[in-house]
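Sequences listed follow chains A and B, in order. When we follow the numbering used here, the leftmost residue of the first sequence carries the number 1, and every step to the right adds one. When we follow the numbering used here, the leftmost residue of the second sequence carries the number 1, and every step to the right adds one.
Hints in this document: simulated from the structure, not taken from any laboratory. These numbers were taken from a predicted model, which means no experiment stands behind them. Check before you lean on any hint, since a few could be wrong.
Listed below are the simulated SDA-like cross-link pairs for lysine to any residue, each with C-alpha atoms no more than 25 Å apart in a straight line [as the list claims (entries may be wrong)]: (1) Lys40/B <-> Lys147/B; (2) Lys150/B <-> Ile639/A; (3) Lys154/B <-> Ala536/A; (4) Lys40/B <-> Asn617/A.
Estimated spans, in silico, between C-beta atoms of each pair [as the list claims (entries may be wrong)]: (5) Asn55/B <-> Gln21/A: 53 to 61 Å; (6) Arg744/A <-> Leu161/B: 17 to 25 Å; (7) Leu404/A <-> Asn55/B: 50 to 58 Å; (8) Gly718/A <-> Leu161/B: 50 to 58 Å; (9) Asn55/B <-> Gln644/A: 48 to 56 Å; (10) Lys150/B <-> Glu509/A: 28 to 36 Å; (11) Ala556/A <-> Lys150/B: 29 to 37 Å; (12) Arg125/A <-> Leu107/B: 35 to 43 Å; (13) Ser113/B <-> Gln128/A: 40 to 48 Å; (14) Asp399/A <-> Ser113/B: 31 to 39 Å; (15) Ala79/B <-> Ala10/A: 47 to 55 Å.
The beta-carbon is built from N, C-alpha and C at its ideal position, and this holds for glycine as well.
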Amino acid sequence: MNARKSDRVADVWGDRTPFGQNETWPVRVDMQLAVAETEVDDWIQSACVLCSNGCGLDIAVKDGRIAGVRGRRADRVNHGRLGPKGLYGWQANNSPDRLARPLMRVDGALQEVDWETAMGAVAGRSQQLLREKGPLSHGFYTSGQLFAEEYYALAMVARAGLGTPHLDGNTRLCTATAEWALIETFGSDGDPGSYTDIDVCDTLFLVGHNVSETQTVLWARMLDRLHGPDRPKLIVVDPRPTPAAREADVHLALRAGTNVALLNAILHELIVHDRIDAAFVTTHTVGFEALRETAVEYPPDRAAAICGVSSEAIVEAAELIGRAERLVSTVLQGVYQSNQATAAAVQVNNVNLLRGMIGKPGCSVFQMNGQPTAENTRETGANGALSGYRNFANDDHVDELARLWNVDPLTIPHWAPPTHAMQIFRFAEEGSIEFLWISATNPAVSLPELHRIRAILGQERLFVVVSDAFLTETAQLADVVLPAALWGEKTGTFTNADRTVHISDKAVEPPGDARADLDIFLDYAERMGFRDKDGAPLLKFSTPEEAFDAFKAITAGRPCDYTGLSYDKLRGGSGIQWPCNERHPDGCERLYTEYEFPTRAEYCESYGHDLISGAENEADEYRAHDPRGRAFLKAAEYIPSDEQPSDDYPLQLTTGRSVYHFHTRTKTARAPQLEAAEPDVWIELAPGDADRLDVSEGDVVEIESPRGRVEARARLTGIREGVVFVPFHYGYWDEPEGSEPNGRPRAANELTITRWDPVSKQPLFKTAAVRVTKIAAGEPVRTSGREATR
Amino acid sequence: MNRLGGALRELYRAEEELADEYVKVGERLGAEHELWYGCKRFAQQCHAHAEAIRNHAARYEAELPPADDAEVGESSTAALRHKLSELLGRRPESGLVLLRSLRQLYLQAQEVSFHWLIAGQIAQATRNAELLADVDRLHRETLTQIKWLKSQAKEASPQALVAGQPLETADVR
Chain A
1 MNARKSDRVA DVWGDRTPFG QNETWPVRVD MQLAVAETEV DDWIQSACVL
51 CSNGCGLDIA VKDGRIAGVR GRRADRVNHG RLGPKGLYGW QANNSPDRLA
101 RPLMRVDGAL QEVDWETAMG AVAGRSQQLL REKGPLSHGF YTSGQLFAEE
151 YYALAMVARA GLGTPHLDGN TRLCTATAEW ALIETFGSDG DPGSYTDIDV
201 CDTLFLVGHN VSETQTVLWA RMLDRLHGPD RPKLIVVDPR PTPAAREADV
251 HLALRAGTNV ALLNAILHEL IVHDRIDAAF VTTHTVGFEA LRETAVEYPP
301 DRAAAICGVS SEAIVEAAEL IGRAERLVST VLQGVYQSNQ ATAAAVQVNN
351 VNLLRGMIGK PGCSVFQMNG QPTAENTRET GANGALSGYR NFANDDHVDE
401 LARLWNVDPL TIPHWAPPTH AMQIFRFAEE GSIEFLWISA TNPAVSLPEL
451 HRIRAILGQE RLFVVVSDAF LTETAQLADV VLPAALWGEK TGTFTNADRT
501 VHISDKAVEP PGDARADLDI FLDYAERMGF RDKDGAPLLK FSTPEEAFDA
551 FKAITAGRPC DYTGLSYDKL RGGSGIQWPC NERHPDGCER LYTEYEFPTR
601 AEYCESYGHD LISGAENEAD EYRAHDPRGR AFLKAAEYIP SDEQPSDDYP
651 LQLTTGRSVY HFHTRTKTAR APQLEAAEPD VWIELAPGDA DRLDVSEGDV
701 VEIESPRGRV EARARLTGIR EGVVFVPFHY GYWDEPEGSE PNGRPRAANE
751 LTITRWDPVS KQPLFKTAAV RVTKIAAGEP VRTSGREATR
Chain B
1 MNRLGGALRE LYRAEEELAD EYVKVGERLG AEHELWYGCK RFAQQCHAHA
51 EAIRNHAARY EAELPPADDA EVGESSTAAL RHKLSELLGR RPESGLVLLR
101 SLRQLYLQAQ EVSFHWLIAG QIAQATRNAE LLADVDRLHR ETLTQIKWLK
151 SQAKEASPQA LVAGQPLETA DVR
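Just need the whole structure built from these sequences, with the hints factored in.
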């Protein structure tokens with residue numbers, strides 16, 4: 001089949017290539033080029049960084065610039081396909097407003113300086129603070145967009161160089177609950193399944209996972225099964241009528257924040273009607289009795305009343321799940337950013353465990369990621385765990401890491417979990433963090449309650465360093481801005497939600513003086529003089545490949561074992577799934593095929609938490625009840641979210657994504673096709689609610705919460721009544737006022753609440769109460785992207 | 001009131017006082033978001049415990065004071081405390097206030113836990129299966145509160161006490 005050009009804006013998922021159970025997903029190569037194919041000078045291997053799916057692609061180079069992309073037919077993830085963001089998003093690299101020189105705040109304004117001046121200022125301030133205020137004065141907030149090598153360097157800088165626990169990624173916003181749900185159930189992070197499970201399953205259970213818009217190529221794979229022979233059953237839990245929901249056999253459009261009640265009712269049905277694999281549960285899990293006691297409190301009638309769905313629909317969904325022989329369950333932000341995030345995500349794990357459907361072809365649960373390299377912040381220890389999925393509360397794990405890094409174990413902060421993002425900002429707010437380095441992310445648009453975040457970043461006493469490719473809303477508030485190379489302009493690796501590791505080779509030079517984040521962190525480490533115990537440089541690598549080899553050495557023997565991988569091995573064919581080691585020289589398709597879970601006290605990544613309060617379990621307690629390789633069935637009662645609709649704020653707000661945009665549009669708004677597809681913020685209202693508010697399609701409305709206001713055009717959709725949706729992508733950099741909503745507030749996070757899940761510490765973006773008022777009449781808006789996703 | 005009733009009365013009092021403390025701390029530390037929500041939930045839990053104890057107390061001839069149902073954010077001084085918390089919350093000393101508050105909650109929760117232990121002994125010695133079942137369930141919730149308070153204190157103390165001054169270790173590596 002030849003590579004084809006097609007309009008992936010109007011036709012988001014492309015032509016169907018139906019296939020049946022156990023068949024191979026057909027190849028379909030998608031391509032987008034700014035020049036004729038014959039004009040391309042070079043094709044460079046990479047993978048897409050604009051969603052968490054991790055589609056393999058080749059970058060076309062023409063005259064030293066990126067000229068397009070083509071899906072890699074050999075890649076196991078996408079079999080040649082690319083989604084709209086992948087096909088068009090590369091154009092951001094060539095954008096004329098890329099940052100090409102460092103900037104420094106002089107007399108209140110950012111001015112161009114050279115690297116020596118900028119890095120001298122960063123290291124100078126850092127050294128002074130370290131001397132006068134100690135390492136806890138430093139915080140780092142990174143991304144889901146960098147490469148594994150870069151996160152690993154940053155983790156070493158923070159944990160062993162400075163010795164601060166204050167390092168986290170914006171992955172905390174997208175993927176922390178995936179991580180913790182896996183840890184709570186299986187003892188360690190790492191998604192057990194493989195995307196090939198889609199090819200084999202007979203039932204798909206999608207919980208708060210709008211896969212049709214968040215991972216379009218994965219949805220294409222599901223659609224090809226759904227349109228093929230022996231169509232799998234599809235159950236979708238989502239308050240919105242997403243494209244996936246419209247394909248469903250059962251769509252449960254529940255009230256926002258009630259996932260635990262619904263899932264408990266499904267567990268109730270499985271248990272009461274004996275749809276469980278009792279032998280599996282007895283042999284390979286602990287905690288069934290407590291789970292049963294909780295589940296029996298949630299008969300479908302009770303859950304129906306809580307969730308606002310019909311009891312019959314719950315029963316039907318449980319029937320389909322109970323009859324499944326090969327069940328794939330998937331979870332994303334509808335759970336992770338909602339009330340009781342980890343508790344709910346764990347209940348989905350429980351569904352698969354009760355049915356014994358894990359570790360076998362077509363049987364798995366996917367705790368999905370939101371970003372392409374989120375998996376790597378987790379593996380490298382740039383977020384809530386120590387490098388290599390190590391347990392901060394286990395002294396042996398800390399000692400091992402200290403030995404590998406050749407530092408004193410006391411240097412590595414492990415008195416408590418690594419500080420989560422919202423707490424890092426809290427420490428900056430109270431003034432105990434005075435140096436904050438933000439890399440490749442945009443908290444001034446993406447964190448909750450933006451007026452608060454802007455106030456924190458704007459403080460005189462806080463020294464803010466931002467490394468980014470563009471002058472984002474956050475960069476505009478910085479003291480020093482460091483111009484960073486983007487994907488395609490540097491080499492590195494990253495890993496997707498089914499553990500597939502891809503290499504992304506450097507295709508072109510970055511613009512102007514921009515540098516790779518790895519080089520920036522190494523420069524900082526050098527200037528700071530970080531040394532190991534023997535006085536040698538702490539970071540003993542200077543190239544991406546050396547950094548990769550250093551990282552893989554510390555994964556030996558851990559679940560995310562990279563030791564069998566190398567840059568050479570990753571080049572030429574498909575991405576490869578970890579663990580890749582002597583036992584699995586070509587990677588490992590599925591974890592837990594022998595039903596041995598990494599829960600042993602000496603091996604597990606965490607001793608776990610109380611799912612309701614987030615209280616940490618203690619080591620002695622855990623050892624006394626060591627599950628020794630069995631998985632946990634952890635129960636949770638339903639607890640209503642704190643901010644319920646009221647007379648003043650009668651509607652529930654849920655925020656989320658557009659299929660055409662990524663994060664805060666920093667890249668996607670600079671790709672003309674994507675920008676034209678969804679150029680501005682909107683609000684989705686149910687027709688019944690719109691009627692009561694006297695709002696018609698296209699009217700301009702004001703949305704208010706106790707924390708702020710947003711103006712947006714109304715869209716009437718089949719969303720559940722009482723719930724409104726606002727996409728969170730839109731900020732202010734391309735508005736006249738720059739970083740702030742001086743003219744027209746349009747960032748959804750003006751409205752959201754500062755509140756996080758007690759276990760995963762993921763902010764709960766989907767739990768605010770709002771009111772909506774019409775401001776002005778308007779005409780329905782037509783965009784090139786509208787119809788495709790309605 | 002017999003001696004057994006007196007013991008349940010002590011437990012009741014300790015739960016209600018702990019609830020009050022959660023309310024006070026939650027409101028005083030409104031800028032510490034996790035603490036605010038934790039205190040709010042645990043204040044409710046303590047009230048629920050107190051209510052459960054009331055149901056058993058009659059059997060042991062204990063007269064309990066009237067129930068209190070103060071909630072975080074709804075007490076008469078909530079608005080004032082909240083304003084203070086916002087002002088204080090932007091000063092480094094807020095960490096010390098946090099730590100002192102956690103200590104007070106921890107001590108009171110330990111007291112509650114002690115009284116649950118005694119209540120469990122009473123339940124066994126008087127062969128009161130219903131009380132025993134409640135003690136078993138509710139004492140576990142108090143122990144979870146204690147674990148949560150420890151988690152909070154472990155995270156908060158280094159930042160409250162160590163940040164802001166030079167690290168005095170001879171050799172930090």
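Hints, verified against the model:
1. Restraint check for lysine 40/B and lysine 147/B: satisfied, since their Cα atoms lie roughly 16 Å apart, inside the 25 Å limit.
2. Restraint check for lysine 150/B and isoleucine 639/A: the C-alpha separation of about 23 Å stays at or below 25 Å, so the hint holds.
3. As the CA atoms of lysine 154/B and alanine 536/A are separated by approximately 33 Å, the hinted pair breaks the 25 Å bound.
4. Taking the CA atoms of lysine 40/B and asparagine 617/A, the gap is near 21 Å; set against the 25 Å cutoff, the hint holds.
5. With their beta carbons about 56 Å apart, asparagine 55/B and glutamine 21/A fall inside the hinted range of 53 to 61 Å.
6. Checked against the hint of 17 to 25 Å, the C-beta distance between arginine 744/A and leucine 161/B comes to roughly 45 Å, which is inconsistent with it.
7. Between leucine 404/A and asparagine 55/B the CB atoms are about 57 Å apart, so this pair conforms to the stated range of 50 to 58 Å.
8. In this structure the hint that glycine 718/A and leucine 161/B lie 50 to 58 Å apart at CB holds, the actual value being about 54 Å.
9. Between asparagine 55/B and glutamine 644/A the beta carbon distance is about 28 Å. The supplied range of 48 to 56 Å is therefore violated.
10. For lysine 150/B and glutamate 509/A, the hinted distance range of 28 to 36 Å is not satisfied, since their beta carbons lie about 52 Å from each other.
11. As the Cβ distance of alanine 556/A to lysine 150/B is approximately 33 Å, the hint placing it in 29 to 37 Å holds.
12. A C-beta distance of roughly 41 Å is found between arginine 125/A and leucine 107/B, which places it inside the suggested range of 35 to 43 Å.
13. Taking the beta carbon of each, serine 113/B and glutamine 128/A are about 46 Å apart, inside 40 to 48 Å as hinted.
14. As the Cβ distance of aspartate 399/A to serine 113/B is approximately 33 Å, the hint placing it in 31 to 39 Å holds.
15. Separation of alanine 79/B from alanine 10/A is about 54 Å and conforms to the stated range, judged on CB atoms against 47 to 55 Å.
Hint compliance for this structure: hints 3, 6, 9 and 10 are not met, and every other hint is.
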